[in-house]
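*Asks:* Chain by chain, the residues:
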Amino acid sequence: MDLLKLFPGLRNRAWAVTSPPSPLYNCVAWAAGDATRWWWPDAGRDYYWPPSAPREETIEAFVAAFALLGYEPSSAADEPSPLEFERVALFARDSRPEHMARELATGEWTSKCGRLEDITHALDGLRGSVYGAPVAVLRRPRAGATP
Amino acid sequence: MGERAMAAEAWGATTSGPARPRSGFAARTDWHLPALVSLTSSRPLAEGLHHSIETQRTFAALAEEWRQETAHLSSVTEIALHPAYQRVIGMGRAALPLILAELARQPDHWFWALRAITGENPVTIGEAGDVLRMRQAWLRLGRRRGWVGPSWTS
Numbered sequence: 282m283d284l285l286k287l288f289p290g291l292r293n294r295a296w297a298v299t300s301p302p303s304p305l306y307n308c309v310a311w312a313a314g315d316a317t318r319w320w321w322p323d324a325g326r327d328y329y330w331p332p333s334a335p336r337e338e339t340i341e342a343f344v345a346a347f348a349l350l351g352y353e354p355s356s357a358a359d360e361p362s363p364l365e366f367e368r369v370a371l372f373a374r375d376s377r378p379e380h381m382a383r384e385l386a387t388g389e390w391t392s393k394c395g396r397l398e399d400i401t402h403a404l405d406g407l408r409g410s411v412y413g414a415p416v417a418v419l420r421r422p423r424a425g426a427t428p
Numbered sequence: 167m168g169e170r171a172m173a174a175e176a177w178g179a180t181t182s183g184p185a186r187p188r189s190g191f192a193a194r195t196d197w198h199l200p201a202l203v204s205l206t207s208s209r210p211l212a213e214g215l216h217h218s219i220e221t222q223r224t225f226a227a228l229a230e231e232w233r234q235e236t237a238h239l240s241s242v243t244e245i246a247l248h249p250a251y252q253r254v255i256g257m258g259r260a261a262l263p264l265i266l267a268e269l270a271r272q273p274d275h276w277f278w279a280l281r282a283i284t285g286e287n288p289v290t291i292g293e294a295g296d297v298l299r300m301r302q303a304w305l306r307l308g309r310r311r312g313w314v315g316p317s318w319t320s
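Protein chains in written order, with the numbering used here: chain Y, 282 to 428; chain X, 167 to 320.
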């Protein structure tokens, strides 16, 4: 599958493939730092979701799940140093969560694209008709960062 | 070759560009694929179950369409509500050996369909989301129920 066709926002920006495709973990897991499970709040409970977070496909449920990992809401205008804070972004389309990305210490963002590859990209590179737009940015102090 | 690498190979490289070594989270490499099973093989799909070539071709076409059109999605709800996936569910129990053969060939998200068709769920809470363990649980159940040939499961 051609990622540039799916995400034309990647054109004319720096981006790179950083892993092989895998059906074993998804963007939410990757944002949470877990490359061994597929995270999703499905009603059938086939997939992993933090037990005390609401099992709903809503923006609020995703924010609550990441709050359990120490993330708190950050305004879009707030751009803290990526060396001090680790940020994750939730993309949604019509208020339905579609994708998550995580900021690296370099300031690049990393995403697992469904069962496709991990990529590094600019946050807006994935904005579009497929994943929608970032609707929430969350942050927590980066491990090892000096306060 | 580890199962992660084999899964990647089964999925194939989908984009060009230099791959960089992953840093950070440890990659899991302690898993192993069972012997590959081809849907086009002349081998019986399961003892006592017979599928026409047409049924196998229909399933293979639907599975490929589903895989191609949902590969970029994270939402298992959207993945499972894809029309091709729903048509596989609509094939009913006749699809079970075909789904399990495909699952044995490569890990993928057939669990919703398997639950819908069988009304069973062998996956424990602790295994939820662990696609390899979920696959093992379903292949074990399939072997116990006689939905797959014994040599297909690890």
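Just to be clear, a hint being listed does not mean it is correct.
Said to hold, decoys possible - These stretches of chain Y come out as covered by chain X in the derived footprint (C-beta under 8 Å, 3 or more residues):
1) 345 to 356
2) 362 to 372
3) 388 to 397
Claimed, not checked - Restraint-style ranges between C-beta atoms, simulated for each label pair:
4) G351(Y) to A250(X): 19 to 29 Å
5) R310(X) to R294(Y): 14 to 24 Å
6) E220(X) to E341(Y): 17 to 27 Å
7) T221(X) to E337(Y): 36 to 46 Å
8) R310(X) to A424(Y): 36 to 46 Å
9) E341(Y) to R253(X): 27 to 37 Å
10) A282(X) to A403(Y): 38 to 48 Å
To be verified - Derived lysine to any residue pairs resembling SDA-like cross-links, with alpha carbons at most 20 Å apart:
11) K286(Y) to R421(Y)
12) K286(Y) to T401(Y)
13) K286(Y) to I255(X)
14) K286(Y) to E293(X)
15) K286(Y) to I291(X)
16) K286(Y) to D405(Y)
17) K286(Y) to H238(X)
18) K286(Y) to E231(X)
Read the hints as simulated data drawn from the structure, not as lab findings.
Ideal placement from N, C-alpha and C gives every residue a C-beta, glycine not left out.
*Asks:* Are the hints correct? Go through all of them and say.
*Replies:* Going through the hints against the structure:
1. 345 to 356: violated (count 0)
2. 362 to 372: With 0 residues closer than 8 Å to chain X, the stretch 362 to 372 of chain Y misses the three-residue bar; violated.
3. 388 to 397: Check passed, 5 qualifying residues.
4. G351(Y) to A250(X): 19 to 29 Å: Given range 19 to 29 Å: violated, Cβ gap about 40 Å.
5. R310(X) to R294(Y): 14 to 24 Å: For R310(X) and R294(Y) the Cβ distance comes to about 51 Å; the hint is violated.
6. E220(X) to E341(Y): 17 to 27 Å: Violated: the Cβ-Cβ distance is about 47 Å, outside 17 to 27 Å.
7. T221(X) to E337(Y): 36 to 46 Å: Cβ of T221(X) to Cβ of E337(Y): about 38 Å, so the range 36 to 46 Å holds.
8. R310(X) to A424(Y): 36 to 46 Å: Since R310(X) and A424(Y) have Cβ atoms about 44 Å apart, the given range 36 to 46 Å holds.
9. E341(Y) to R253(X): 27 to 37 Å: 34 Å, holds
10. A282(X) to A403(Y): 38 to 48 Å: Given about 39 Å between the Cβ atoms, the range holds.
11. K286(Y) to R421(Y): Violated. K286(Y) to R421(Y) sits at ~33 Å, over the 20 Å cutoff.
12. K286(Y) to T401(Y): Holds - the C-alpha atoms of T401(Y) and K286(Y) are around 16 Å apart, at most 20 Å.
13. K286(Y) to I255(X): 30 Å, violated
14. K286(Y) to E293(X): 35 Å, violated
15. K286(Y) to I291(X): 37 Å, violated
16. K286(Y) to D405(Y): 15 Å, holds
17. K286(Y) to H238(X): 12 Å, holds
18. K286(Y) to E231(X): 17 Å, holds
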